[in-house]
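Here's the letter readout for the chains.
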Amino acid sequence: MNTVNFVNIPASVFPDQEIVVFGDQRLTYAQLHDRVCRTSAVFKNLGLAQRDVVAVMDTNSEVYIAAYYAAAKCGLTFLPLNYRAKDPELEYMINTAAVKVLLVGERYHEQIRRIRPRLATITALLSTGAPAADFPALRKLTERVAPDETDAEVEDDDVSVLMYTSGTTALPKGVMLSFHDFTAYVTANVEMADGSDRGAALVCVPFYHIAGMVAMMTNVWSGRRLVLMPQFDARDWLGLVERERITHAFVVPTMMKQLLDEPSFSKTDFSTLTNLAYGGAAMPLPVIRRAIKAFPKRVGFVNAYGQTETTSSLTVLGPEDHRLEGSPAEIELKLKRLTSIGRPLPDVEVKIIGEAREALPEGQVGEICIRTPRVMKGYAGRSDDALLSDGFRATGDLGWTDHDNYVYFAGRKDDMIIRGGENIAPAEIETVLVSHPAIEEAAVIGVPSEEWGQTVKAVVALQPGKQASAKELEAFCRARLASFKCPESYEIVESLPKNPLGKILRNELRARLTSAQG
Amino acid sequence: MANVLGKRYQCETCGTEVLCNKAGEGSFMCCETQMKVKEVKPLPSSD
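Sequences listed follow chains A and B, in order. One point on numbering: in my numbering, the residue at position 287 of the first sequence is 287, and numbering is uninterrupted. One point on numbering: in my numbering, the residue at position 22 of the second sequence is 22, and numbering is uninterrupted.
Hints should not be assumed to be uniformly reliable.
Claimed, not checked - Cross-link-like lysine to any residue pairs, in silico, SDA-like; alpha carbons within 25 Å at most:
no., chain 1, residue 1, chain 2, residue 2
1, A, Lys-485, A, Glu-508
2, A, Lys-377, A, Pro-361
3, B, Lys-7, A, Glu-508
4, B, Lys-7, A, Pro-147
5, B, Lys-38, A, Gly-378
6, B, Lys-38, A, Val-375
Think of the hints as simulated: they come from the structure by calculation, not from any bench.
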């Protein structure tokens with residue numbers, strides 16, 4: 001099915017229902033539909049044909065949403081660009097995707113101008129905001145055209161969204177997600193709008209992230225008012241929750257911490273908020289425990305683990321698992337599960353495999369493999385993501401499962417430390433370190449060693465006003481970990497380097513360490 | 001039973017799935033049998 005139907009169908013039944021809010025812009029389904037049809041007409045006038053690529057370089061807005069659905073309407077591939085990308089990355093993404101039309105936010109005009117001479121495939125640049133001499137305003141063009149009423153006949157397998165991974169490794173990889181991937185996810189997980197009040201969702205993650213794109217589709221299809229933030233800001237977020245009567249929201253761990261630290265937190269009215277999901281990076285246990293205490297009891301927390309390659313969520317840890325209530329034994333079990341990424345969704349199978357691709361029993365760390373009908377079509381221009389023979393996809397993430405099928409994340413496979421032939425998953429040691437009352441965050445990396453191949457090094461940041469010596473941390477780890485897993489050295493730093501989603505940049509830590517040694 | 005707007009229907013024989021985008025009085029048939037409603041399993045997430 002063409003994803004433009006996520007707008008078309010509700011708009012034909014509930015034209016006057018408000019569905020998108022951005023600043024002082026409030027759009028009903030009919031108004032959003034009109035914007036989509038006009039943007040589609042502009043794309044066609046620019047000569048775009050089915051399967052051509054249109055890209056957006058901008059923060060979130062209602063223009064972005066209309067642009068995606070207009071692209072779907074024309075059967076185009078839509079590329080949401082990471083607005084934090086540096087010139088070489090941006091050039092790489094635009095050129096390898098062969099982007100024809102690029103929509104650019106005002107604050108990025110200068111950057112695009114700078115790299116423009118090296119963008120060979122671009123035929124038109126448009127501004128999503130005010131115009132410039134070399135960036136005509138999309139808005140002006142949409143006002144002049146007649147709405148396009150036709151929808152492209154797309155194949156389920158056609159690429160709807162090309163999304164470059166936010167990953168922590170080398171060059172970004174273009175994940176090709178088809179119309180089928182999105183319709184399978186959306187129609188399996190939410191009911192279509194029915195005119196009833198489905199609440200309001202606050203979206204502060206960028207649309208170039210899979211959680212942002214999926215939120216754009218699930219909420220529009222299900223009739224949950226979509227309230228957009230151009231970029232996350234803790235104070236604005238809290239203000240919007242109160243003002244827009246937000247019921248659902250998604251944050252990454254870094255944002256959760258900023259919310260808890262924001263002075264206006266204690267004065268915010270959370271009476272409408274029922275569902276606060278988090279994901280995108282591993283959540284430090286101290287932060288989620290603090291959040292559970294700080295938010296009202298009626299707020300249900302959800303930890304979602306997924307990948308761009310699998311069209312979002314694979315496992316979830318639901319609200320019940322976040323309620324730290326019951327007997328001491330029950331609370332202990334819940335605290336343990338709080339360090340997990342939950343259980344597989346109904347359309348996902350999980351297995352853990354070892355080095356020889358053999359299935360591992362529960363409790364053993366191996367690579368997390370998944371099977372779901374919404375695995376990407378592949379990486380653009382590459383053939384290095386073959387599925388295993390049984391249709392499972394190796395995620396590159398390490399983990400283990402417990403008796404009740406909860407999955408525990410143990411870091412990236414590439415981050416695995418091998419010390420004297422013993423495999424050591426950094427996440428296991430990091431979990432122990434962050435349970436220390438003085439530690440705010442921790443990263444464990446392997447450092448080259450002549451004797452062992454690699455040895456374990458811990459880099460930690462302390463909570464404000466707290467103290468801990470390397471000696472004390474060593475004793476703490478010795479009491480809780482097998483001796484070969486205990487870090488051989490500790491470094492205390494102000495904070496750890498992270499990507500915008502809060503994933504720790506281990507490569508940067510390793511590089512910093514190497515240059516310090518060199 | 002008449003089709004319901006926005007619901008997905010599945011043929012238990014051949015696996016075909018259809019989505020109702022305008023309901024009338026009729027009901028979907030496939031492989032000579034009535035198609036069954038495919039229920040959504042809502043996620044406990046922000047979706």
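Evaluation of the provided hints:
Of the pairs offered as hints, the one joining Lys-485 (chain A) and Glu-508 (chain A) holds, with about 22 Å between alpha carbons and a cut-off of 25 Å not exceeded. Taking the CA atoms of Lys-377 (chain A) and Pro-361 (chain A), the gap is near 30 Å; set against the 25 Å cutoff, the hint is violated. Simply put, Lys-7 (chain B) and Glu-508 (chain A) have alpha-carbon atoms about 49 Å apart, too far for the 25 Å limit, and the pair is violated. At roughly 28 Å between alpha-carbon atoms, Lys-7 (chain B) and Pro-147 (chain A) are farther apart than 25 Å, so this suggested pair is violated.
Taken as a hint, the Lys-38 (chain B) and Gly-378 (chain A) pair is broken in the structure, with Cα atoms around 28 Å apart against an allowance of 25 Å. With a CA separation close to 21 Å, the supplied pair Lys-38 (chain B) and Val-375 (chain A) stays within the 25 Å bound.
Of the numbered hints given earlier, the model fails hints 2, 3, 4 and 5; all others are met.
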